[in-house]
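Asker: The lines below spell out each chain.
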Amino acid sequence: MTDLLEVDGLYFNYQTGSRRRDVNSKWTLRDISVTITAGSTVGVVGESGSGKSTLVRLMCGLLVSSKGSISFDGRSVRDWLSEDRREFHRRNQIVFQSPASSLDPRLRIKTSLSEPTKALEKRTPESTELSGWLRDVGLSGEVLSRYPHQLSGGQLQRIAVARALSVRPEVLFADEPTSALDVSVQAQVLNLLMGLKHQHGLTLMLVSHDLAVVARLCERIIVLKDGQIVEEGETAQVMTDPKTEYTRTLVAASRATTLAT
Amino acid sequence: MLEINDLKISIGVHQIVSIEHLSIPAGRRLGLVGESGSGKTMTAMSIIGLLPREAVVTGSIKFQGVEMVNRSERNLSKLRGSEIGTIFQDPLRALNPTMRVGKQVGEALRLHNTVPKKRVKQRTIELLDQVQLPDPETLARRYPHQLSGGQRQRVLIAMAIACDPKLLIADEPTTALDVTVQKEILELLARLSDERDMAVLFVSHDLGVIQAISAHVAVLYGGILVETGPTDQIVRSPHHRYTEALVSVNPGHPEDITAALGRPLVTIKGSVPPLGSFLPGCRFRGRCPHEVERCAEPPPISVATHEHTFRCWNPLDSASSLPSDDAELAAGLQ
Chain D
19 MTDLLEVDGL
29 YFNYQTGSRR
39 RDVNSKWTLR
49 DISVTITAGS
59 TVGVVGESGS
69 GKSTLVRLMC
79 GLLVSSKGSI
89 SFDGRSVRDW
99 LSEDRREFHR
109 RNQIVFQSPA
119 SSLDPRLRIK
129 TSLSEPTKAL
139 EKRTPESTEL
149 SGWLRDVGLS
159 GEVLSRYPHQ
169 LSGGQLQRIA
179 VARALSVRPE
189 VLFADEPTSA
199 LDVSVQAQVL
209 NLLMGLKHQH
219 GLTLMLVSHD
229 LAVVARLCER
239 IIVLKDGQIV
249 EEGETAQVMT
259 DPKTEYTRTL
269 VAASRATTLA
279 T
Chain Z
4 MLEINDLKIS
14 IGVHQIVSIE
24 HLSIPAGRRL
34 GLVGESGSGK
44 TMTAMSIIGL
54 LPREAVVTGS
64 IKFQGVEMVN
74 RSERNLSKLR
84 GSEIGTIFQD
94 PLRALNPTMR
104 VGKQVGEALR
114 LHNTVPKKRV
124 KQRTIELLDQ
134 VQLPDPETLA
144 RRYPHQLSGG
154 QRQRVLIAMA
164 IACDPKLLIA
174 DEPTTALDVT
184 VQKEILELLA
194 RLSDERDMAV
204 LFVSHDLGVI
214 QAISAHVAVL
224 YGGILVETGP
234 TDQIVRSPHH
244 RYTEALVSVN
254 PGHPEDITAA
264 LGRPLVTIKG
274 SVPPLGSFLP
284 GCRFRGRCPH
294 EVERCAEPPP
304 ISVATHEHTF
314 RCWNPLDSAS
324 SLPSDDAELA
334 AGLQ
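Protein chains in written order, with this note's numbering: chain D, 19 to 279; chain Z, 4 to 337.
Hints may be right or wrong, so weigh each one.
[To be verified] According to the in silico footprint, chain D covers these stretches of chain Z (three or more CB under 8 Å from chain D): (1) 16-25; (2) 73-84; (3) 181-193; (4) 269-276.
Hints listed in this document are in silico derivations from the structure and should not be mistaken for laboratory results. Just so it is clear, CB atoms sit at the ideal spot from N, CA and C, and this is done for glycine as well.
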């Protein structure tokens with residue numbers, strides 16, 4: 019197993035111009051170091067405001083860090099972005115929480131689905147390719163001519179996944195991919211992600227506030243609190259024998275509100 | 004205390020909700036579970052007459068013996084906030100951003116003349132204290148944007164309980180909150196309902212949350228009550244195939260975490276059909292893996308055990324429960 023992504027001593031602040039940037043408590047992320055091996059599935063959990071979405075946005079190059087480094091495949095993300103931006107984005111894709119807002123309402127699915135290929139590979143995908151991508155996520159070619167408002171939340175999230183995978187990425191970041199979906203559809207999308215991960219040998223980084231979901235999918239769990247990693251470890255260990263009080267509280271709260279049969 | 008009979012809500016040609024019977028005795032907490040589009044919010048809002056203008060309601064909703072359907076707006080607004088409290092999913096949108104939260108709680112008190120004017124301030128602080136907000140005096144002077152999501156929801160709860168309602172309608176009150184805060188809010192609601200003998204109608208898409216707060220549950224699918232009864236019993240031994248599916252899709256917390264890792268989750272085929280495209284008969288038809296020929300006819304209410312009813316032609320535990328004529332009579336059908 020090779021280390022695909024390496025975060026080292028990362029600090030991030032949204033108000034980078036501010037005089038307050040040196041005040042410790044103002045960092046959105048503080049001293050983050052993580053290593054993600056190729057092909058692994060890692061869960062990032064924490065409460066809102068803990069910085070979990072910020073972390074994945076930094077890792078996939080949507081934000082740029084103030085201090086510290088992130089490297090992908092042995093090269094710093096900063097270099098990737100200035101020298102091989104397209105290649106970097108092709109290899110690192112992200113799926114967001116709300117499928118309705120990640121697809122342009124004015125565009126037909128066909129257009130939205132073609133965008134990464136056009137932007138990152140500078141070519142227009144064949145229609146057989148488009149329907150193939152949809153087939154992979156369990157949808158028929160019929161939806162190509164539809165608009166987002168004509169489809170259900172589950173269908174839209176499948177399209178978002180298909181679009182992310184259309185450029186054959188190595189890493190897929192999923193930021194709360196099922197939080198906006200009904201419970202019955204949630205399981206479908208999670209199974210889809212697991213299946214595609216195995217099929218394409220993806221590295222998957224899943225952000226979720228739902229420990230029950232993370233525990234079913236991820237081999238490792240990273241727990242964030244106030245912008246810092248408070249715990250990191252194998253899923254079974256984090257869930258059954260948490261090292262910090264904070265993780266213990268999170269696990270207990272999740273158990274208290276997860277269905278007990 | 005709350006008794007719903009033959010309630011039908013429709014918008015245009017589409018019937019959104021059709022409930023033969025549902026009741027909440029005083030002090031009881033009832034969970035109403037359903038996916039989006041199941042009609043759960045419509046059902047809850049019909050009780051206090053907060054439905055879209057184009058919605059047509061027929062049947063009967065009796066609150067403390069008084070009919071609520073087609074009641075005048077003036078009458079209803081007297082009840083809202085006094086006899087019946089309501090809390091919603093998004094506390095930020097439910098609060099006035101330009102008004103200090105203490106004043107908003109006081110407004111609820113003044114509106115219904117619950118306490119003499121000079122005692123409003125003191126009562127506001129007491130209420131904020133009862134919902135376990137730290138340092139209520141200081142907090143009362145804050146604006147909504149200065150509070151966290153959990154604190155805002157506590158303020159809304161304080162407003163909802165200000166006039167000692169007999170019934171609290173809680174529509175997904177913890178969905179927007181973190182798990183840890185969710186747990187605290189659920190504990191608070193349970194305690195307040197116990198202390199004040201206040202009935203709660205808790206609406207949620209999450210059966211796990213409902214199990215944590217209410218001993219009784221009603222499962223709604225496509226606007227039809229498919230199963231009702233004690234929550235633990237229904238979760239342990241669901242009879243309706245939809246409830247069975249709803250329980251099994253829950254990722255849960257498996258005993259052996261390592262063994263469960265990466266194993267596919269149980270799913271329900273397809274998704275809730277859009278309004279007006281349900282097949283005739285049982286609403287779950289087309290998604291149900293246990294469909295039989297009779298499912299094309301609407302299934303009658305059957306009784307599993309005392310308090311536990313369901314409507315399914317091919318239930319999970321069919322030996323112990325066959326459609327019963329008594330149940331139909333009891334529910335006032337046909």
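Asker: For every hint, state whether the structure bears it out.
Answerer: Status of each hint after checking the structure:
Counting residues of the segment 16-25 of chain Z whose CB lies closer than 8 Å to any CB of chain D gives 0, which falls below the minimum of 3, so the coverage claim is violated. Only residues whose C-beta sits within less than 8 Å of a C-beta in chain D count toward coverage, and the segment 73-84 of chain Z has 0 of them, not enough to reach three; the restraint is violated. Only residues whose beta carbon comes within less than 8 Å of a beta carbon in chain D count, and the segment 181-193 of chain Z has 7; three or more means the coverage holds. Given as covered by chain D, the segment 269-276 of chain Z passes the check, having 5 residues with a CB less than 8 Å from a CB of that chain where 3 are the minimum.
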